[in-house]
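Make the full structure from the sequences, and use the hints.
Each chain, letter by letter, is given below.
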Amino acid sequence: MGHILLRHRDEGLENLHQLDVYRANGGYDALKKVLDEYSKDEVITIIRDSNLRGRGGAGFPAGLKWGFIPKVDGDKYVVINTDESETGTFKDRELVERNPHQVIEGALIAAYAIGAKQIYNYFRGEFMSAAFNFEEALQECYAAGLIGENIMGSDFSCDFSCHYGAGAYICGEETALLNSLQGDLGQPWSKPPFPAVEGLYSKPTVVNNTETLANVPPIIMNGADWYKSMGTERSAGIKIVCLSGHINKPGNYEVEMGTSYRDILFDEKYGGGIPNGKKFKALLPSGGSGPVIVDDALDAPMTYEGLTEHGSVMGSASLIVMDETVDMVWAAMKMIHFFRHESCGKCTPCREGVFWMKIVIDRIYNGIGTEKDIKTLESVANQIQGNTLCALGEFAINPALATIRHFPEEYRAKIK
Amino acid sequence: MSDLVTLTIDGTELSVPKGTRVADAAKSVGIDIPVFCHHPKLEPVGACRMCLVEIGMPMRDRATGEPMLNEDGSPKINFGRGLQTSCTAVVGEGMVVHTDTEAVTDVRGTLLEFQLVNHPLDCPICDKGGECPLQNLVMDHGKMESRVYFEDKRRSDKHVSLGDLIFLDRERCIQCARCIRFQDEVADDRVLQFHNRGVNLEIVTMSDPGFDSYWSGNTTDICPVGALTTADFRFGARPWEMTPSASICSQCAVGCNMTVNTRREARSGGKPVIKRILPRQNEAVNELWLCDKGRFTHDYVASPERLTSPMMRKDGELVAVSWDEALNAAAEGLQAASSVAGLAGQRLSNEDYFMLQKLFRKGLKSGNLDVNNRQIGGGDVVAQVGIAAGSDLQQLGKGDAILVVASDLHEEAPLWWLRVKQAADRGAALVVINGRSTRLSSHATHNLQADSGDIVATVRQLVSMAKVETDGTGALDAAAETLITANNLVAFYGYEGLSYEETESLAKALANLLLIQMDGEPHVGRMNNGLIPVWPYANTQGAWDMGIHPALLPSYKAAKMTGMDAVAMFAGAADGSLDALYVVGADPIGDGWMADRGKLGLLIVQELFMTKTAVTADIIFPAQSWAERDGTFTNGERRVQRYYPAIRPAGDSRPDWQILSQLGERVGAGKAETVTSLVFRSLTKAARQYKGMDYRSLGQVEAQWPVVGGDDRYYGGNAFANTAGLGKQWAAVAESKAVKQFEMDDAVSSREDGLLLINAASLYTAGTLIDKSAVLAPRMAKITLTINPVDATAYEDGDTLMVRTDRVTVQATAVVSDDVMVGTAVLRGVKAMNGTAVARLSKIKE
Amino acid sequence: MIAEKYAKEIEGIIARYPSKKSAVLPLMHLAQREYGYTSESAMKEVASILDLDPTQVLSLAGFYTMFYEEPVGKYVLEICNDLACALRGADEFVDMACKKLDITPEETTDDGLFTIKTVMCLGACDRAPMLQCNMSFEENLNEEKFDALLGRLRAEATAGTPSFSVAEKMASYAVKDGA
Ligand SMILES: Cc1cc2nc3c(=O)[nH]c(=O)nc-3n(C[C@H](O)[C@H](O)[C@H](O)COP(=O)(O)O)c2cc1C
Ligand code: SF4
Ligand code: FES
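Residue numbers (the numbering used here), protein chains in the order written: chain A, 104 to 519; chain P, 51 to 896; chain W, 30 to 208.
FYI, nobody ran anything at the bench for these hints, they're computed from the structure.
Fair warning: this is a prediction, and the values are worked out from it, not measured in the lab.
Treat the hints with care, since some could be wrong.
Have a look at the derived ranges for each label pair, beta carbon to beta carbon [to be verified]:
#1 N537/P with M255/A: 44 to 54 Å
#2 S48/W with E252/A: 18 to 28 Å
#3 A246/A with S48/W: 40 to 50 Å
#4 S363/A with K448/P: 54 to 64 Å
#5 Y199/P with M125/W: 39 to 49 Å
#6 S363/A with R476/P: 56 to 66 Å
#7 G115/P with E252/A: 42 to 52 Å
Every residue, glycine too, gets a C-beta built ideally from N, C-alpha and C.
Here it is, written out as structure tokens:
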């Protein structure tokens, strides 16, 4: 079977980013079908029934989110989240670069479903050159009447523009993203209000991850049941997995939900094992933000719930693999550095707490820490937990807590 | 009432308006939830997390929607996961809040520890020490031992000048963004922002000049730590060393309530000196705010140039004499004079005005009384249809309308600008009519620019459109429709570009607008409706009320004979037809109204400073400044407000009313008064509108929201809670009986050919008092002349021009901009004068 | 002045949004491309085009890492040494690059050509070590490829051929959008 999302990898579809190639292979049929056959509510029902959940990390059911948009007239927006700044994540980049029309089509269907007349794709600023194909695709669509006034001759009209950030991980958080898009400081706001009620320019807004939307056209074409037939009951369908670090075949893979982490790392179809005959040591299953797991968790299925009992999460499924040579205190320090660098500073526990964690882990890593410092690191992380304005602070504590939990001896070996 | 929501906080049941935030609701029943970033006047952001509490909502059965009950019949409450920020959480019916559980207490300790990670711990030398919520909270909840290695703390600049007025200590800043949000949401001067991110977040400004806002001082009141301080107070004193005295600002017609903080100092020989001025809460007047002019223009009080002793001219020289000698000589001189006249400034107290008119009318039998510079007419119209007693601009919003004509509120009466802008933000329709665009224009629903010469005609046209139901589509028609159909309508009028006569017509025209009945009700006589004059000075209203007018006695009774007005006095001095002139708190020579003392036989001046007029006087009486005495001012909304002495008098100076009354005694105007409150009592007998007021009732207060105070954990800022009086608005005639439409004269436009010069107000324009303020000196308005590009063919931006009119000759920097209409030129930074003049320009060669 | 030079592009960018302020990041990208960094005058220019106070622009310049508030070299080599890249030798790559150019991170070579910065994850972890230069990615790097890159950039600088500008190309899309 060919790919569902990474279709450009299938034979003969290398130029899928071009409109003619995309259309020749069924492109925009889903949009046509929606415009011809379905009411807005029917589209939302299909997506809800398909059990498609958000691929940006939080896993919120997409159909439910669309359903929250008030069914009243007025400005509404669809915003695509292509901020993709989590360490180890590079799946959305491949989609917008190689299969942009599928994202555009998915977003147009979302816009139709909620009654939006404007779509923005928010790219992280560093993706500007990766976005050329996407920009070209938009131009082609405008020319072909797929975007703009009376799309495909229907009475649905919708504009579509790209917007570029300028280097800030926090702008992946949906409210920070919307602030950034408004030209305000890219800091998140305290919810409620949720974007579905008061989002971009204070209007109802759906924010979806790029990959989430890319799933929409095939679901429309093949039906909710088809999508649900893949994966598990609560985690339906397929997921792009990003493999990086100590792995033989780094890159993106389209994987059916429920596949075990062990298969993803070691199966020749996917990661193909650890290079240089080294032994597996630890896996970050969700970039820098998810708690690290060790060998005993590898047989867990990759689903939204699969790692719960191992104290971790699937998140965006960006798998950073570490072999036996990796110093886990060093790895934790790198990740804490990342979060310290990316904390927006708005809320006190994240701003001050993560800064503090960084000073303490630096002391430990540099050999001037004490037993007390390990305790401080742990307790500061615990003090941040549950008290921050957005999830960044919650992410930031994982590197410390999970590495202390799994590798206490490595910390102890470093102290005075 | 369905607009109230009932909830329980720590076992106390309370009902509060829908939409109230939990932290505010708690405070209203005395439960003090600590806050840093939340301020009751700003949108909540939930950033500092200090206010985390347990919040639960009653559970409902999914299927039936019925509330779920515990076994004992009490509702089941779902507290969800974790704590919630009570500053952002909105109250809900049946909500249960716990602010005193172990989880809440713990998290407070946690957050304070975070707050102190990078804090410099310099309380002993911090200006906020003693009134700092962070310090107070650490005392309550803090862990007393620091786990942070001191050398690991982030170091930063401690003396950052954000401009001339405000300093920032970056190490003390806790990134609550109150200052930024105040500037964005309240002041609309977005000149403060965060720079960088995370732990490096810091406050910056890039405006030119730095922190360019008339509101900057307020940020230092609401900053919850010692990060922001004012240039005048910085390192000046510790909060607990100071004595607060309630006062009223004497700088404009708004009448902001303020508190003067004083401390005894060696440099003043152990006498109290003014250390700083802070807002005093009066929600109906200035809420919790002050403009920087009001806050910083106090240096003059302590100026070494103050007059300290009576003086008389002997052998051509002014020499110090005793009070008795000076008073006796003045009494003799005035009685001997063939004709006398009295001229007063517009910053005196009601008591002063009353005694002045008594001295003249009763003692000297003269009705020659006027204020120095009569710029706005219509005080008599205001007495009929002025904004009704009990009004509060804060209550205007959706469905209401405000009209502002011929005034630049931002420059002339900043607090009104703020409150009008906020009403517009809340949805009130705003109609602005002026000869050029002002700061208010951008907030206007209808911005009608009219040539200055046509403003009165435009308003009259608007009124006639409002009277009939037209189906016209013009901008004026639409504005008329908006105004007349509003629930509440308030009209402000000023004098920019208008002659005195034109302002009189304007007042009447606006009165007629307000008198038009919609559904049988005119827009007068009821709360939040009526006319507000943008008087040029703090107590112009009082001067009207007390009969400092050639034709009006106190309480607007017509005088039997009309006396000389100011213009006649100036002419009389020049040609010798006036013999003696008595000047109180005014400088007609310095202001250019009189070239010199002319042929006056006697010139008496009652003043704070040796003004240009005083130098030429025969007798000078040193007066006390407003900070040294008590009295009352009446603001443009006719609110009579009491101020109190803060410091000891300079030298031998006396309050103006006392000097006038002692002089009065000598010329047969009755026994001299000894106490201010008794002067007020007698003035209420003459000025009918003040009936029923006395110093005690003016000093009364009621509970106000939000609750503010110094050592509050729920920190509303440094502004002082008002314990000294909210004042009282006197009722306009329309509140008790119907007022008829005003007759209007045929419009006369006095336009001459040539470039019309409009003198536009600037907040910081040079003047006797403001000139003494050291901190405001760098901010004083530059003199500029703005001309439309069409008229500026011979001039360029930045050229130095010589501007000549009948009265003034000044050098101004040219600004070429289409903000002004063709044919007009706007002169800024020159002391206000009314009307338009024809300007003759010439370029000065470099 | 970008207001004149890119008048059409700027108009196109502003037209994309219901609020002018939204155009601030795109215009800052454009200004940085024009002046090499977000200089004070560049920020004031952007502010005046969008009716903002310059402080608002300054604030964003400080918040986002892609804006340089100080002058930088003609080519800024932004090397990712975040965890995933570091596992594949990014830290060693940074050391090598620095030694080769005889500078430390954040410094600029004496000839003003190169600045090295280390940055957080750029979304190319599977092709580490990698760097971003003038908004284009250079991936799967090693010393040899790095030398080639330096050679190419030096040659380009000597020849004076204008380097390909991503920001300009992006701005041009705004015109074509016809929004
Ligand atoms: C700090 C932080 C960073 C995030 N970064 C991203 C991101 O880069 N891309 C993304 O799609 N979602 C990101 N998210 C999640 C978004 O807030 C949001 O949940 C998501 O875009 C919703 O789309 P989905 O439901 O389709 O997943 C981030 C969240 C947080 C708290
Ligand atoms: S300066 Fe004061 S008000 Fe402004 S952010 Fe810092 S602590 Fe808050
Ligand atoms: S960790 Fe370097 S690109 Fe991701």
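Against which earlier hints does the structure fall short, listed by number upward? Violated: hints 3 and 5.
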